[in-house]
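Asks: If you want the building blocks of each chain, they are given just below.
Number of protein chains: 2
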Amino acid sequence: MAGCRMKLELSRVALGKGRLGVLKGLGKTGQLSLEVPGYLLHTHLGTVPHLTQDTLSTLSTLPSVTQITLSNIAEHQEVLEEFKDGFRKFAGLHDTVLYCALHDPATPCPTGHTTNKTVSVWGSGGRIELTVAKFMALQKAVKPDWYQSMADGETWQINTSHKRELEGVEVFGVVEGGDILEERVRSAKETAKRPVSGFCLDGLQTGSMDQALRTQLISVVTKELPEDKPRLLQGVGRPDEVLESVEAGVDLFEGFFPFEVTERGCALIFNFNISSNPELAVLEPGEDQETAGDSQHSGDLNPDDQTQMTSFEINLKDKRYQGDFRPLLEGCGCYCCRNHQRAYLHHLLVTNELLAGVLLMIHNTAHYHAFFSALRDAMAEDTLDLLKRRVLGQTERKD
Amino acid sequence: MAGCRMKLELSRVALGKGRLGVLKGLGKTGQLSLEVPGYLLHTHLGTVPHLTQDTLSTLSTLPSVTQITLSNIAEHQEVLEEFKDGFRKFAGLHDTVLYCALHDPATPCPTGHTTNKTVSVWGSGGRIELTVAKFMALQKAVKPDWYQSMADGETWQINTSHKRELEGVEVFGVVEGGDILEERVRSAKETAKRPVSGFCLDGLQTGSMDQALRTQLISVVTKELPEDKPRLLQGVGRPDEVLESVEAGVDLFEGFFPFEVTERGCALIFNFNISSNPELAVLEPGEDQETAGDSQHSGDLNPDDQTQMTSFEINLKDKRYQGDFRPLLEGCGCYCCRNHQRAYLHHLLVTNELLAGVLLMIHNTAHYHAFFSALRDAMAEDTLDLLKRRVLGQTERKD
Numbered sequence: 001m002a003g004c005r006m007k008l009e010l011s012r013v014a015l016g017k018g019r020l021g022v023l024k025g026l027g028k029t030g031q032l033s034l035e036v037p038g039y040l041l042h043t044h045l046g047t048v049p050h051l052t053q054d055t056l057s058t059l060s061t062l063p064s065v066t067q068i069t070l071s072n073i074a075e076h077q078e079v080l081e082e083f084k085d086g087f088r089k090f091a092g093l094h095d096t097v098l099y100c101a102l103h104d105p106a107t108p109c110p111t112g113h114t115t116n117k118t119v120s121v122w123g124s125g126g127r128i129e130l131t132v133a134k135f136m137a138l139q140k141a142v143k144p145d146w147y148q149s150m151a152d153g154e155t156w157q158i159n160t161s162h163k164r165e166l167e168g169v170e171v172f173g174v175v176e177g178g179d180i181l182e183e184r185v186r187s188a189k190e191t192a193k194r195p196v197s198g199f200c201l202d203g204l205q206t207g208s209m210d211q212a213l214r215t216q217l218i219s220v221v222t223k224e225l226p227e228d229k230p231r232l233l234q235g236v237g238r239p240d241e242v243l244e245s246v247e248a249g250v251d252l253f254e255g256f257f258p259f260e261v262t263e264r265g266c267a268l269i270f271n272f273n274i275s276s277n278p279e280l281a282v283l284e285p286g287e288d289q290e291t292a293g294d295s296q297h298s299g300d301l302n303p304d305d306q307t308q309m310t311s312f313e314i315n316l317k318d319k320r321y322q323g324d325f326r327p328l329l330e331g332c333g334c335y336c337c338r339n340h341q342r343a344y345l346h347h348l349l350v351t352n353e354l355l356a357g358v359l360l361m362i363h364n365t366a367h368y369h370a371f372f373s374a375l376r377d378a379m380a381e382d383t384l385d386l387l388k389r390r391v392l393g394q395t396e397r398k399d
Numbered sequence: 001m002a003g004c005r006m007k008l009e010l011s012r013v014a015l016g017k018g019r020l021g022v023l024k025g026l027g028k029t030g031q032l033s034l035e036v037p038g039y040l041l042h043t044h045l046g047t048v049p050h051l052t053q054d055t056l057s058t059l060s061t062l063p064s065v066t067q068i069t070l071s072n073i074a075e076h077q078e079v080l081e082e083f084k085d086g087f088r089k090f091a092g093l094h095d096t097v098l099y100c101a102l103h104d105p106a107t108p109c110p111t112g113h114t115t116n117k118t119v120s121v122w123g124s125g126g127r128i129e130l131t132v133a134k135f136m137a138l139q140k141a142v143k144p145d146w147y148q149s150m151a152d153g154e155t156w157q158i159n160t161s162h163k164r165e166l167e168g169v170e171v172f173g174v175v176e177g178g179d180i181l182e183e184r185v186r187s188a189k190e191t192a193k194r195p196v197s198g199f200c201l202d203g204l205q206t207g208s209m210d211q212a213l214r215t216q217l218i219s220v221v222t223k224e225l226p227e228d229k230p231r232l233l234q235g236v237g238r239p240d241e242v243l244e245s246v247e248a249g250v251d252l253f254e255g256f257f258p259f260e261v262t263e264r265g266c267a268l269i270f271n272f273n274i275s276s277n278p279e280l281a282v283l284e285p286g287e288d289q290e291t292a293g294d295s296q297h298s299g300d301l302n303p304d305d306q307t308q309m310t311s312f313e314i315n316l317k318d319k320r321y322q323g324d325f326r327p328l329l330e331g332c333g334c335y336c337c338r339n340h341q342r343a344y345l346h347h348l349l350v351t352n353e354l355l356a357g358v359l360l361m362i363h364n365t366a367h368y369h370a371f372f373s374a375l376r377d378a379m380a381e382d383t384l385d386l387l388k389r390r391v392l393g394q395t396e397r398k399d
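Chains as they are written, first to last, in the UniProt record's numbering: chain A, 1 to 399; chain B, 1 to 399.
By construction, these hints were calculated from the structure, which means they are not laboratory data.
Fair warning: there could be bad hints in the mix.
Stated by the list, open to error - Take a look, some chain A residues computed to stay more than 12 Å from chain B by CB distance:
id, residue
1, Lys7
2, Ala14
3, Lys17
4, Thr115
5, Glu182
6, Lys189
7, Arg194
8, Cys332
9, Asp377
10, Thr395
Claimed, not checked - Using 30 Å as the maximum straight-line C-alpha spacing, the simulated DSS-like pairs for lysine-lysine come out as follows:
id, chain 1, residue 1, chain 2, residue 2
11, A, Lys319, B, Lys134
12, B, Lys84, A, Lys317
13, B, Lys24, B, Lys193
14, B, Lys317, A, Lys143
15, A, Lys143, B, Lys319
16, B, Lys317, A, Lys140
17, B, Lys89, A, Lys317
What the hints assert, rightly or not - From chain B, some residues computed to sit far from chain A (all C-beta separations above 12 Å):
id, residue
18, Leu62
19, Met136
20, Glu190
21, Pro226
22, Asn315
23, Asp377
24, Leu386
Here the structure is a predicted model, which is why all the values come from computation and not from measurement.
Virtual Cβ for every residue (Gly too), placed ideally from N, Cα, C.
Looking at chain A on its own, in the form it has when it is part of the complex:
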């Protein structure tokens, strides 16, 4: 456990009401921290899709942890080994905690390729089968601050012995078990015994089960996990599911949701403002109605869920926005909303201009970030119920 400096300080824990706190001691010097509930910055090859580091830095604050994915990186192992200085420097990143996950939550990957001794990831060139030795060699070349263990119960012993090679790197153990409660509990108990810094809750992603079952599984599993280590839920990003999962005991999420919304030409406009001061209300009451008018949404259990529009967004490709000269979201202070109208975004999208993605990504990232701030504020002020009603109301009205 040498070099394991990550420390979770919880300021508020209430059963069924989530955990509020700060993950401290992050980064090479231990000076960085991450508020929980929170999310990791989702990247492809170290970059937030569509955005340069410069554009990204125009957003006021961002998560201090950047998630990269082995599936993107595995095929470049040779180059990284030659480069020697690790992926952070290779990708021109600075001042961020680097977390290396196995799979990209925004890219569906085939199941059933994990054996007792290997795990498979999918890069642009197809499947790459990773043995423990290859996995550890890759992590050595990547040099992350944290990484997701490839090990389940079976491969853990081998993995542990190799782990000593990576001094100072924190490992997140994986809790598996599909939708079988007993298997989940067994996996949680086993993984809790390991010298890990945190836990990845795997196999609970959007589309694989409904939220009721997910909440139930998470609630039971987190009871088996030590209080003082963070729990990262993989593959869940929808605001309604985030809220429910936080209540069940999740601390961290993968931040891929704004990217998915952007890729389908949509903008997040859901309301998370629970201020009673009307001057602070971000959205007009009339604005709220708007989402309800969109026909497509997903409330149902559907394996293709992730590519479907949710009720938290509007589809700028829709002809109705052709002559709409308002910003994406009235009152939003992001670069896109300060400079452009929906009509312009609509025209960029219908003419396939890449700038559409850049502008939507700026707005969606800013809005999602603000949602997590509002979530933590609500927990601190004991108004989570109010926030939940506000956000979930925007789904249920349509089911």
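Guided by the hints, dock chain B onto chain A, whose structure is given.
Replies: Chain B alone, transformed into the frame defined by chain A:
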């Protein structure tokens, strides 16, 4: 000619050696200017492809004139008319002179659709046939500072009478005539009689003829045009062709070349440094050899020229850059070169990350801009021959 405030001040004119000067009195207040030889900022729907206005502003200087294209805009006429404030505001542009051309030089468009009374443009929804009335209504909705006349000799009379509707807008007349010298001279003489602010040299684009014929046609045509009005050459952007065309009497170019280079995953690295001070040399001698190694280049007459790699660039998709940890161009101060290496760009390209386009576009735009500065400096210092040898040497070596 009311409202026609554009003024070309030439500081140096030498037959066969080009014209050096400044185009003054631009913009609503007449405070903007553009150095010639120069180029117009190429945009799609008002935005430089891949870049936000914010990212764009990280480039130290840019042309003060932005080119937009009717073919992109024609299908949005209704919305612009409803918007009322013109395209500049619609696209969130500021402080730029807006020049509205007919066709996008980076998008090939079918020929043979121009009649005596109409001209056709191609938007995302296919061909749009513009009558003079529709054309003028569109310009009224777009509200550019300059626009390219749709008129050739035949339709000019009608156009002129409509022109009075657009007070203060400058019109560029079009010189046509294909590759027939007599037709070119006739068109130049006719257009020179019109109340235009400048001239578009049409039908001479890369791929339609070789540079020797283009140079010959331009040299003869420009003799027929008044000295004090700018000449814009359409569809030519390659550095070697720019140099030859400037010598023949061209002042302005369409700035689409950096975009084309970016779209094929390439980076401009050609050397235009003619300083004898070795400390100022941008490129190492060895660097020069590099381009020569690329197999693909275009020196031949080929209608597909525009999509082919030239000898002024390197193809970052090439496997040779996989482990190349140098910046795109040693000594370049652009955002991309300061922060990233060729190997990273290579990996972004092979994994189809959109950021590749953003980063390449930043570098290519910066490099192209610097090339035009070097061109003007060389003209001022009477070292154009040296610059030509430097730049053309990078082509000829490979033919």
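Asks: So, against the hints stated earlier in the document, which numbers end up violated here?
Replies: none
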